[in-house]
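Spelled out from the first residue to the last, the chains are:
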Amino acid sequence: MVIAIATPTTTWYLLLAAMLFSTGVVGVLVRRNPLVMFMCIELMLNAVNLTFVAMANKLGDIGGQTTVFFVMVVAAAEVVVGLGIIVSILRRRPGATADDIAELKG
Amino acid sequence: MIVAAGTFTAPSIDWFALAPLLVLLVGGLVLLVTASFTPQWPKHLYAYATVALGLAAMVVAFVQWHAITRDGPKLLVGNAVSYDHFSMFGIITICIGLSLSAMVTDDFLRREGMEGPEIYGLYLMAAVGGIVMVMSNDLIVLFLGLETLSISLYVLAASNRRRAESQEAGIKYFVLGGFSSAFFLYGIALIYGGTGSTNFNRILTAFDSVPLQRKDSLVLVGVALLLVGLGFKVSAAPFHFWAPDVYQGSPTPVTAFMASVGKAAAFAALFRVFVVALPNWKDDWRPVVWVLAILTLLVGSISAVVQTNVKRMLAYSSISHAGFILIGLEAAGHSGASTRSGMPSSMMYLMIYSVLVIGTFAVVAVVGRTGDGATDLGSFRGLSRQKPWLATALTVFLLAQAGVPLTSGFIAKFGVIEAAVDEHSYALATIAMVSAVIGAFLYLRILISVWLADAEVGDEKREAMHIPISTGAAILLCVGFTIYVGVNPEWLIQASDRVVLVAVPVVGG
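Going line by line, the protein sequences match chains A and B.
Following our numbering from start to finish, the first sequence increments by one per residue and tops out at 163.
Following our numbering from start to finish, the second sequence increments by one per residue and tops out at 499.
Bear in mind the hints are in silico, worked out from the structure with no lab data behind them.
Certain hints may be false.
[Stated by the list, open to error] Computed footprint of chain B on chain A, listed as stretches where at least three residues anywhere in the stretch have a Cβ under 8 Å from a Cβ of chain B:
#1 85 to 98
#2 115 to 127
[Claimed, not checked] Some residues of chain A that are not near chain B, with every Cβ distance over 10 Å (derived):
#3 PRO65
#4 MET76
#5 VAL131
[Unchecked claim] Selected chain A positions facing chain B (Cβ under 7 Å, derived; list incomplete):
#6 TYR70
#7 LEU102
#8 THR108
#9 ALA134
#10 GLU135
For glycine and all other residues, C-beta sits at the position ideal for the given N, C-alpha and C.
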C-alpha cells in the first residue's frame, strides 16, 4: 500500500501557527478560568515561536531562531508574575473565575 | 545557515550613550539588593534614591542631547539601539514621570503602611523598559522593552495586596496585556517573514529593494497586528477596555506612573515603529490610525461623562488624550519624520500630559485618604473649603487637561490640531475640537463638586485630609510646569521640533 506523503513546506507551518494562535485567541475570549486564559496566552506565544522558526528556516536567517529564545525568556517571566497574581487572588477567593473578579465596572 | 561560533564578532557598545538606561538599571538593582540587606534603613530613603536616580538619568540625557546636537545622531549596539533627539526627549519625559511618581508614592506608602523598596525597584525597572522602547531600533529590542515595562506594571497594579480592587486590576491588566503582547509579537514575526529582518533599517530598505513587497500581505497583516498590540498599550479605542478598570483599581500613585511613563513609552514606540520603520506602508496604516483616533476621541470623552468615580473619569480622559496623540500620528503619517508637524507635537503632548496626569493623580491620592478608597465624585465635594490650595492645584490641572489657554494643555492640544490642519485632515481636527468640548464637561463636573457643592453629609467624621511634604512638592512642581509652559512655551516647542532628526533613515545601513 502506497501512502502519498507530501513534504511539509513553510506554508504548512505558518498555517499551523495561525491555527494555534487563533485557538489561543478564542480561548482567552471564551474561557473564564484565569489559569486557562493564561495558558491560552502561552499558546499564542508559542504559535508565534513556530512562525519565527518557520520564517527563519525559509529565509535562511539565524535571527528568527534566536528571537525564539528571547520570546521563551519573556514568556517565562510572564508566567512567574501571572501565577503570582493568580495565586494571590485565589488565596483570597478560592475557585474564583474571571466573572467573579468583577468589582470594577462602570 | 548557522554562523560558526568562531566567526561571531560582538558589536561594539558605546557605554556612555546608554548611560541613562544604565543609571536606572544599576540603580534599581543596587536599591533592591541593599534594601534587602539593610532592613533598618529609614524607609523614605528609597524614594529619595529613586528621585535622585531619575534626576541623574535626566541630567545625563540633557548632556547627551547637547552631544547629539553637536555630533549628530547615531545607531548603537549593532544598529539595534538609536541614539538621537527622539530618544533623549522620550527619556527625559520618562525620568520626569519616574521622579514625580516616586515623590507621590513615598507618602502614599507610608499612609497605607506598605513601605518597602519593591515598588521603587519596579518603578525603576519599568522606566528602564520604557527607555529601551524609546531607544529601540529593532522590533525585538522594542518587544523586550515593552515586556520589561509591562511586567513591572502588572505587579505594580496588583501591589496593594489588602485591596481586592488592586488584585483585580492586576489580573485584568495582566491577561489583557499578555494578550496584546502576543498580537504584537505575531506582528513582528510576520514582518520578519515579509521583510527578512526585524531591524528598522532593513525593514525600510526591504521596501526599496523589492518593490513588489508593497503588496506583501504578510507585512500588511504584520503592520495591522503591531497596531493592535500597541493600540492596547496606549489604550486606543476599541482596545481601551482595560484602562478604566486598571486605572481605578491600581494604587493611585501607580496609576499616575502608568498613565505617564507607560503611556509615554508606548506612544514613543508607536512613533518609532510606524513613522521611522514603516513609513513606506503609510498609505496602508494611516487610514486605520485615522479611524482609531476618531473612535478613541469620541469613546474617551463621551464615556467619561457618565462616570461617578474620579479615577475612572480620569482613565477615560486619558483615553481621549490618547486620541489627540493619535491625531499627531496620523499627521506624521502624511509627512513622515521629515517635517515639523505630527511627531514633535505629539512628543511635546506626551511630556506635558505626563506632568499633568501625575499632578492630578497626586491630588486624587491625597483626597483618597487611608485605604485609597475615597475616589468617588462625592469625596471631592467641598474640597475648596477644606483645602483651598489643593483645590486650586486640581483646578489648574483639570483646566489644563481641558485645554484652556495659558496652561500647558492648550499648547499640547493646539500643537496636534495644528499638525492635523497642516496636513489638511480637517475632519479629524474638527472632531478633536468637538471632543475637547465634550471632555471639558467632565472636568467642569469635577470642578463644580470641588468649588460649589457642600461636603457630603458625614464627611466631617472622616479622617482629615493631610497633604504630606513630598506630595505637596510634587503637586507644586506640576502646577509650576503647567503654568510656565502655558505662558512661555517657545523653548519646549523648539526642543520638541528637533525630535524629527531620528537616527534611522540611513538607507542601506
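Structure-based check of all given hints:
{"no.": "1", "hint": "85 to 98", "verdict": "holds (count 5)"}
{"no.": "2", "hint": "115 to 127", "verdict": "holds (count 9)"}
{"no.": "3", "hint": "PRO65", "verdict": "holds (16 Å)"}
{"no.": "4", "hint": "MET76", "verdict": "holds (13 Å)"}
{"no.": "5", "hint": "VAL131", "verdict": "violated (5 Å)"}
{"no.": "6", "hint": "TYR70", "verdict": "violated (11 Å)"}
{"no.": "7", "hint": "LEU102", "verdict": "holds (5 Å)"}
{"no.": "8", "hint": "THR108", "verdict": "holds (4 Å)"}
{"no.": "9", "hint": "ALA134", "verdict": "holds (6 Å)"}
{"no.": "10", "hint": "GLU135", "verdict": "holds (6 Å)"}
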